[in-house]
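Peer 1: Residues per chain, in single letters:
Protein chains: 4
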Amino acid sequence: MIIVMKTACQESDVAEVMLRLDRSGLKGHLSTGVERTVIGVVGVISAVPDLRERLELMPGVEEVIRISRPFKLSSREFKREDTVIRVGDVSIGGDQLVVMAGPCAAETREQVMSTARIARAAGASILRGGAFKPSTSPYSFRGLGEDGLKILAEAREETGLPLITEVLTPEDVELVVRYADILQVGARNMQNFILLDEVGRANKPVMLKRGMSATIEEWLLAVEYILSQGNRQVILCERGIRTFENYTRNTMDISAIPIIDKLSHLPIIADPSHGTGKWYLVAPMALAAVAAGADGLMVEVHPNPDTALKDGAQSLTFEHFQELMKQIAPVAAAVGRTMAGKRA
Amino acid sequence: MIIVMKTACQESDVAEVMLRLDRSGLKGHLSTGVERTVIGVVGVISAVPDLRERLELMPGVEEVIRISRPFKLSSREFKREDTVIRVGDVSIGGDQLVVMAGPCAAETREQVMSTARIARAAGASILRGGAFKPSTSPYSFRGLGEDGLKILAEAREETGLPLITEVLTPEDVELVVRYADILQVGARNMQNFILLDEVGRANKPVMLKRGMSATIEEWLLAVEYILSQGNRQVILCERGIRTFENYTRNTMDISAIPIIDKLSHLPIIADPSHGTGKWYLVAPMALAAVAAGADGLMVEVHPNPDTALKDGAQSLTFEHFQELMKQIAPVAAAVGRTMAGKRA
Amino acid sequence: MIIVMKTACQESDVAEVMLRLDRSGLKGHLSTGVERTVIGVVGVISAVPDLRERLELMPGVEEVIRISRPFKLSSREFKREDTVIRVGDVSIGGDQLVVMAGPCAAETREQVMSTARIARAAGASILRGGAFKPSTSPYSFRGLGEDGLKILAEAREETGLPLITEVLTPEDVELVVRYADILQVGARNMQNFILLDEVGRANKPVMLKRGMSATIEEWLLAVEYILSQGNRQVILCERGIRTFENYTRNTMDISAIPIIDKLSHLPIIADPSHGTGKWYLVAPMALAAVAAGADGLMVEVHPNPDTALKDGAQSLTFEHFQELMKQIAPVAAAVGRTMAGKRA
Amino acid sequence: MIIVMKTACQESDVAEVMLRLDRSGLKGHLSTGVERTVIGVVGVISAVPDLRERLELMPGVEEVIRISRPFKLSSREFKREDTVIRVGDVSIGGDQLVVMAGPCAAETREQVMSTARIARAAGASILRGGAFKPSTSPYSFRGLGEDGLKILAEAREETGLPLITEVLTPEDVELVVRYADILQVGARNMQNFILLDEVGRANKPVMLKRGMSATIEEWLLAVEYILSQGNRQVILCERGIRTFENYTRNTMDISAIPIIDKLSHLPIIADPSHGTGKWYLVAPMALAAVAAGADGLMVEVHPNPDTALKDGAQSLTFEHFQELMKQIAPVAAAVGRTMAGKRA
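Protein chains in written order, with the working numbering: chain A, 1136 to 1479; chain B, 1136 to 1479; chain C, 1136 to 1479; chain D, 1136 to 1479.
Don't read these hints as lab results, they were simulated from the structure.
It should be emphasised that the depicted structure is a prediction, and the values quoted were computed from it without experimental measurement.
Built from N, CA and C at the ideal position, the CB exists for glycine as well.
Each hint should be verified, as a subset may be incorrect.
Selected chain C positions facing chain B (Cβ under 10 angstroms, derived; list incomplete) [what the hints assert, rightly or not]:
{"no.": "1", "residue": "I1200"}
{"no.": "2", "residue": "I1351"}
{"no.": "3", "residue": "E1352"}
{"no.": "4", "residue": "G1375"}
{"no.": "5", "residue": "I1394"}
{"no.": "6", "residue": "K1397"}
{"no.": "7", "residue": "L1398"}
{"no.": "8", "residue": "Y1415"}
{"no.": "9", "residue": "L1416"}
Only chain A is shown next, with the shape it has when bound in the complex (with noise of 0.2 angstroms):
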């Protein structure tokens, strides 16, 4: 941390800084220079609560700032290898490319079947779908709940696709995480801290998607109290921003997918069903999101997507999803990849 004095300090401000990084425990380091005085901190520094808010208080003090990043446990400073998570045959993180695929929202055994079949047969390795939706509005379908955990599971049982689906609220975690191999926090939930608790301590990994107007640092803090928990099984997804462009749903931030491979051990995972809203950009953002390195794909799948009750205009036909799969394979490769499933 370091402390910015202003121009015009009085001497008797640069002192009151000292005193208080003394009686805090903390050593100041003076340096005068001709644009201004700077005090390096040495110490502890996290053991004194809000101190850099408290320090900007003081008179005299223009700016102080932070020099260690505040995510720690998902840092590559804290572990350099990538974290590679392992549910059932797949392998999320090494050197394959996890597809994952399945209907927004379960709505009907034989919808949930259907895609089911299909997403495995074109070489999905996991299946997605959602039984707890969140919806804008209180007069929107929200998800079949249990039953639709139950219907979700029997398509994993039937075609071997290991499950994820989402959870909203600490009081279902225990309830989800009987019927799915991975949990989904979404969007909204990002930054809901009393449910990433309560995943931080269940016994299976964890997908976390970007909060549609959080920054990258903000994301990993969130991480933060998955791993804080005990649970170091996490996987990031980048799902869209918020931007002024309104063309799209979302604006997807593709160049998470490096940044996070540089500042983070943990894999990432790429969702272009909802980083744009629109079927057709899915496949050319699917393949970018694989060319600039992501660990996987979410893909929203539907036999009929014009009569899904959820994110129809976002969901791919079978024959566009198969097709995409079709298209992804040599992109994989050119940036070195192998794709998990295996296509029928």
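Given chain A's structure and the hints, the job is docking chains B, C and D onto it.
Peer 2: Below, chains B, C and D alone, put in the same frame as chain A:
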């Protein structure tokens, strides 16, 4: 709802759309212009889930345009007269300007008591203070929990000021209801729909903060969750949105105040402490909010901001708060408001 | 400037950085903390182009942090007292609140004359109006050019109100200077550096609007172009920034008003017409700007907004403008301002 | 165009709107639904300036909705086949992937020559380099001017690579046309309409960068300025937009690539150097752009980035550029593209 067909659409495309409407129990009203073929939809559209998205996927369709706003119970069309919410002696949403003041978080009995006394003496009419605190990092202070609620309740008793305090998770609603006069749902939880359902069943007014990347429409849809559960006592609170500007923590959207007043009958409060993140911007932005028509203000006050466990940088000292209250009175008067509290 | 080294940097990396500083005529001040090695830089940093970026590329360097603001001539550190700009009888930046009013674009002699008379009678003290209009589409109205300037000058003669009008391109500066009392540079040209150079050499005050995605720092750097050419008469104008919110055309950043007041000695004006894009938001946002400390307002007025060739939706009728002026006076008084114009 | 009336509108309001349309030479098509009264407008709407804004101001009108896109000459509806632009031996917009490489700014003859040679040897097919540089601060390097153009032209002669270079102001167009094969208009000038007019009259292809807060629609309207002056050789270039994320200089909007491909027949290029601002993100984002369907890339290369006078932090070394070119080839092949340049 209006369906705009592509310039190059086929007659069969139009026929298909008309047929689909017919099967959904709706009627299409065809209009063939110089520019485009357009179909007006007549009937109970809300009975057909996601009709808009489905239609957009049909061949020949360029765009489907919604012509009703999706929120209902909160709208001026539903209820023309202002909703005025009474809490103790205070009326929120009427002619009075209501100031809610207090510490960001309850830290100690001393801190809460002294702040509450000063707040009342300076003319505040509601006490604010948090016992459950959301925090970006798991390593920061997260509040005193029920102990904090007890301290806050004691301050309420002594000063007679009603208490507003935050609830973070559905499980805690019952507990917080026992201590609070108004439940606060924070910005990060604006789309925590399970929590919204739960406070919608509570028998206390709820103040819902705008999410930091929420549009006004999404905010009013979140309100709709609460209203549709039966709780009609909802207050909105603008607290800044996220933009590219990084001088301030958030960009306070003052225009949300007159917009909410136009679209909705519910009261709107402004929080310049979170809205800016810097104490020296609180006073000018508080005055701006009052001039723009806010029904009240929420302001963070702390006996000693530079030792605050949370949000010290945006908290006012007692002196600054007293000065602010003096500045507010003439601006409130200039826009036809009286101050709700009584200055000692 | 401060150089933060990586946790895992080599001693030789530090030595290389120290050597580089030495060769650049600067001195490094080494500080080895618990967290990181940090090097404070002492010397005339501005003499070494892009030093920061270069240092960031060196091995072992984590980050290079600037500790001086990059704008100089516009800063409070350079000049402590408010700059007050006199135009005719009007002082901008002092105790008076200055209202600039008139049509978006000069369309006809009648329209300009009637608007100017009403503006003056209602208490405006400067006439605004455009002869060269930037327009998003090439198929829209682009202004009357010099004919428009002549009409505006005639209105200035008759009413005695000084004229502010926009200049779009360096070649037109000489022409516009002959007619205008204040040159306006619009939001889309905030970083048209050749134009900034040119108005910086003009002998008339310049009002520089904030670019719709400009940070406050970039805005003050654009001002710096004008000031550094010798023209010290610069007025800033906040007119809304671009955010995800789409209910309004822009999100007016009222907090820019107190921030500019803190960082700079130059006057700051608010434009609620462009800031919102909707006429019914102009009055509440104008009042908010005054309450937040703006030195003046710029407001679009039109005899018949629904036939305006440009920006009708955000223009006030004569009646609405007169009403607004009556509302402003008490708010201005409440924050210690007198009105610059005289109401008839 | 469709006019949506308010729920509570009067019959006389509807009559007034119908009358207004009639007087404007248009026809209203009335449709009375369960939800709202809606009026479809038939006739040559573009003949009536700002009709939409005017109608929105009439009593009883809720909203006026545009149903045609405002850009014409650049749209796929106007011209279905891809526009392919030939510059020397290179075709932009066809099957080939075109790489434009070179320094941000021409600094010295040596720097330009060595970079041009490396660029060609590695497979680039167009040389980029700036002689007129926009710079946020007036105290930074602003380019060598015509001397820079001469150096760049010399490099073009020697290597045979066509030259793309930026023009900043209308007065310089004639000069730059003498040296350049493609004129570049930068992001900050995307809405410098006078400059767009001028390059629209030039006899050379123009590459127009997206403004950093421009919507895709505004970008295509800016293109329309150039096209409507007669110059049909326009290339678009995505270079990142401004968002709240501050880890990168901009957020590169990869989805703009498939969107432009859908909406327009013009070629689209990606600039990952400006799009990210960090050299180590250039390669993954370049690959992503190619996978998403970009017609080419623009990349900054410098013999010695850490001594570059401009944008060193985002420039690739020769080694990194050579490596990038090797990585691009298989990704380009995977999406069916051949490389335009020939590797030595």
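Peer 1: None of the hints should be skipped; say for each whether it holds.
Peer 2: Hint check results:
1. I1200: At about 14 angstroms, which exceeds the 10 angstroms cut-off, the nearest Cβ of chain B leaves the hint on I1200/C violated.
2. I1351: Where the cut-off is 10 angstroms and the nearest Cβ of chain B is about 5 angstroms from I1351/C, the hint holds.
3. E1352: Holds, because the Cβ-Cβ distance from E1352/C to chain B comes to roughly 7 angstroms (cut-off 10 angstroms).
4. G1375: Check passed: Cβ of G1375/C comes within 9 angstroms of chain B, closer than 10 angstroms.
5. I1394: Hint on I1394/C: holds, closest Cβ of chain B at ~6 angstroms, below 10 angstroms.
6. K1397: holds (7 angstroms)
7. L1398: Interface hint status for L1398/C: holds (9 angstroms vs cutoff 10 angstroms).
8. Y1415: The hint holds - Y1415/C has a Cβ within 10 angstroms of chain B, the shortest such distance being about 7 angstroms.
9. L1416: holds (6 angstroms)
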